[in-house]
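Q: The primary structure of each chain is shown beneath.
There are 2 protein chains.
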Amino acid sequence: MTQFTVHSTLDAIFDLTVGALMASGANRENAEAVAEVVWKAERDGCLSHGIFRVPGYCDALKANAVNGSAAPKVIDQAPGIVRVDAENGLAPLAMKIGRPALIEKAKSQGIATLGIANSAHFAALWPDVEPLADAGLVAMNFVNSRAFVAAAGGKRAVFGTNPMAFAVPRPGKPPMVFDQASSASARGEIMLAARDGHTVPEGLGLGPDGQPTTDPAAILKGVQLPFGGYKGGAIAMMVEILAACVTGADTSLEGEAAYTGHGGPSAAGNLVIAIDPSKFGNDRFLERVETMFESMLADEGVRLPGDRRLVNRKQTPESGVHTDKALYDKVVAIRDGG
Amino acid sequence: MTQFTVHSTLDAIFDLTVGALMASGANRENAEAVAEVVWKAERDGCLSHGIFRVPGYCDALKANAVNGSAAPKVIDQAPGIVRVDAENGLAPLAMKIGRPALIEKAKSQGIATLGIANSAHFAALWPDVEPLADAGLVAMNFVNSRAFVAAAGGKRAVFGTNPMAFAVPRPGKPPMVFDQASSASARGEIMLAARDGHTVPEGLGLGPDGQPTTDPAAILKGVQLPFGGYKGGAIAMMVEILAACVTGADTSLEGEAAYTGHGGPSAAGNLVIAIDPSKFGNDRFLERVETMFESMLADEGVRLPGDRRLVNRKQTPESGVHTDKALYDKVVAIRDGG
Numbered sequence: 033m034t035q036f037t038v039h040s041t042l043d044a045i046f047d048l049t050v051g052a053l054m055a056s057g058a059n060r061e062n063a064e065a066v067a068e069v070v071w072k073a074e075r076d077g078c079l080s081h082g083i084f085r086v087p088g089y090c091d092a093l094k095a096n097a098v099n100g101s102a103a104p105k106v107i108d109q110a111p112g113i114v115r116v117d118a119e120n121g122l123a124p125l126a127m128k129i130g131r132p133a134l135i136e137k138a139k140s141q142g143i144a145t146l147g148i149a150n151s152a153h154f155a156a157l158w159p160d161v162e163p164l165a166d167a168g169l170v171a172m173n174f175v176n177s178r179a180f181v182a183a184a185g186g187k188r189a190v191f192g193t194n195p196m197a198f199a200v201p202r203p204g205k206p207p208m209v210f211d212q213a214s215s216a217s218a219r220g221e222i223m224l225a226a227r228d229g230h231t232v233p234e235g236l237g238l239g240p241d242g243q244p245t246t247d248p249a250a251i252l253k254g255v256q257l258p259f260g261g262y263k264g265g266a267i268a269m270m271v272e273i274l275a276a277c278v279t280g281a282d283t284s285l286e287g288e289a290a291y292t293g294h295g296g297p298s299a300a301g302n303l304v305i306a307i308d309p310s311k312f313g314n315d316r317f318l319e320r321v322e323t324m325f326e327s328m329l330a331d332e333g334v335r336l337p338g339d340r341r342l343v344n345r346k347q348t349p350e351s352g353v354h355t356d357k358a359l360y361d362k363v364v365a366i367r368d369g370g
Numbered sequence: 033m034t035q036f037t038v039h040s041t042l043d044a045i046f047d048l049t050v051g052a053l054m055a056s057g058a059n060r061e062n063a064e065a066v067a068e069v070v071w072k073a074e075r076d077g078c079l080s081h082g083i084f085r086v087p088g089y090c091d092a093l094k095a096n097a098v099n100g101s102a103a104p105k106v107i108d109q110a111p112g113i114v115r116v117d118a119e120n121g122l123a124p125l126a127m128k129i130g131r132p133a134l135i136e137k138a139k140s141q142g143i144a145t146l147g148i149a150n151s152a153h154f155a156a157l158w159p160d161v162e163p164l165a166d167a168g169l170v171a172m173n174f175v176n177s178r179a180f181v182a183a184a185g186g187k188r189a190v191f192g193t194n195p196m197a198f199a200v201p202r203p204g205k206p207p208m209v210f211d212q213a214s215s216a217s218a219r220g221e222i223m224l225a226a227r228d229g230h231t232v233p234e235g236l237g238l239g240p241d242g243q244p245t246t247d248p249a250a251i252l253k254g255v256q257l258p259f260g261g262y263k264g265g266a267i268a269m270m271v272e273i274l275a276a277c278v279t280g281a282d283t284s285l286e287g288e289a290a291y292t293g294h295g296g297p298s299a300a301g302n303l304v305i306a307i308d309p310s311k312f313g314n315d316r317f318l319e320r321v322e323t324m325f326e327s328m329l330a331d332e333g334v335r336l337p338g339d340r341r342l343v344n345r346k347q348t349p350e351s352g353v354h355t356d357k358a359l360y361d362k363v364v365a366i367r368d369g370g
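Protein sequence lines correspond, in order, to chains G and L.
To convert a position in the first sequence, counted from 1, into my numbering, add 32.
To convert a position in the second sequence, counted from 1, into my numbering, add 32.
This is chain G alone, in the form it adopts within the complex (with noise of 0.2 Å):
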């Protein structure tokens, strides 16, 4: 599809993200934490949470659907919780403020969870809680979204697509993190589809008549549905009492009944959990985490989950990236007051 692309460097990304966010109405706090985000996932070859999500954080600034001055308060909770109030604003700063307290508590009491509410989510889970396991701890994190998804048998929209990521820590290289929605497929996935004309496969949605359909569009009128059956819907439903309930953040109906059609990212709740494996008592984690993968991988045809985002992170400091011009030029645009 992409006739003509811009190349730059990541920092030029970086740079040009923070411009953007700040000419629609973030500081430069926020605009930093977001930019860092879109970085790491430029830098990941995972373009469709890279700058390709630019424009929407700033369609939601701009609608004031966003707190682009928030300051995210942390709040000592107990002695496994942290939380915070991302007083309506973009996550990535919210993350960034509470994450240290997360660690901490982690490091101290061998468990500990973060809670976010108040915050908008837009971004890839990868980059929460690949650091929690570069600090050596064991995370997961689940988010919760708009309601696009039905559950398991049903033809109406309860739950977000409502992502989970895990991560775990390797001796001398990057952690394996996965990062999954909860639905068949990425929104985004159908979006695109629909764009171009093409159908999808079966078991993605269900069109405005509750029928099962490969045509994208009927879906994006209609409901995705959640991946793997009822098994994966019950992973919905747990990630949306997690992300939501649990951090009495909006749920997904209630984000999508505040939606104000912006196209960027809506009101949203956040739930990590830190485990520190070095005080089960037990020292040969790390290693017996390795025999595992050697074990996965000595059968043709497993990856690990994130290992084409570590290639990608070796190349693309070099090689820079590749952006579609009509994507570059409108964050350009904005950013130059456009």
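When chains are identical, the list treats them as one kind, so a pair holds in a single copy or across two.
Under the rule of at most 30 Å between Cα atoms (straight-line distance), these lysine-lysine pairs were calculated in the DSSO-like manner: (1) K105 to K139; (2) K205 to K187; (3) K346 to K205; (4) K362 to K253.
Calculated from the structure, these hints are not laboratory results.
Starting from the known structure of chain G, arrange chain L on it as the hints suggest.
A: Relative to chain G, chain L alone:
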């Protein structure tokens, strides 16, 4: 299949189970802890985890593969961690002994975890976590087992069927608990199809040649597959890391290597995480979960996980249960020294 059944009260099932386990070498404390989870499974109509499991428990005891006199030790490992060394015994007593400390820690810290190593788990997971939700906690449970399941994209067994469970309290009602394998189907389902000469649906497993098959006997010689493709494979891997690597228990491959063919449970690990939602400064947790459940159930065709168990639970204390006569006779023979 079952032509003749024996009708019993739930208490008779409990007593029969205790008798068979003690005749096989368990002491009373271990036998009663196992009989409690068998009793709960029969009460809730989970026949695959009821008295059906007793011969396997007894085989493992007679083969000295598990220690029927295990006295699990509770270790106060960290402010947020309870660890139980199950002394190579059956998991129910270890769980029963460790649970009060987990509840106390979760309520004081906001979040806590219980890790059990050196135990043999052969039961459903929901009886482990339902008491935590009864105490007002949100709980997750992860258990690994013998290697039966390939990683996503693979053809060799590296994971157990690796179930996970999730429990949430409800006001004035039993908790919502789901309990699901990370494999596309329970192993027992494939074994029953093989016994009865049926085929199984596509996607459950591969034959010894690494090719997809609907022949259950071929899958039992080959490998099972994770549910939901690579996303379910990621869940299976997460369960393995949490249940085995974090706790220091045997991985599913180690459990498989140590298995002596007795037909009972193998050594595995168990990690439970419990969160006190009342500690998040949000007193509407229960109400918000109920609102979400109502939204789900407003959609015709949606059921809450576990709701069939709760229907059975209302009936069986009065109606009693029906057990396959051959199975019943087998357990009676074990109890009577057969």
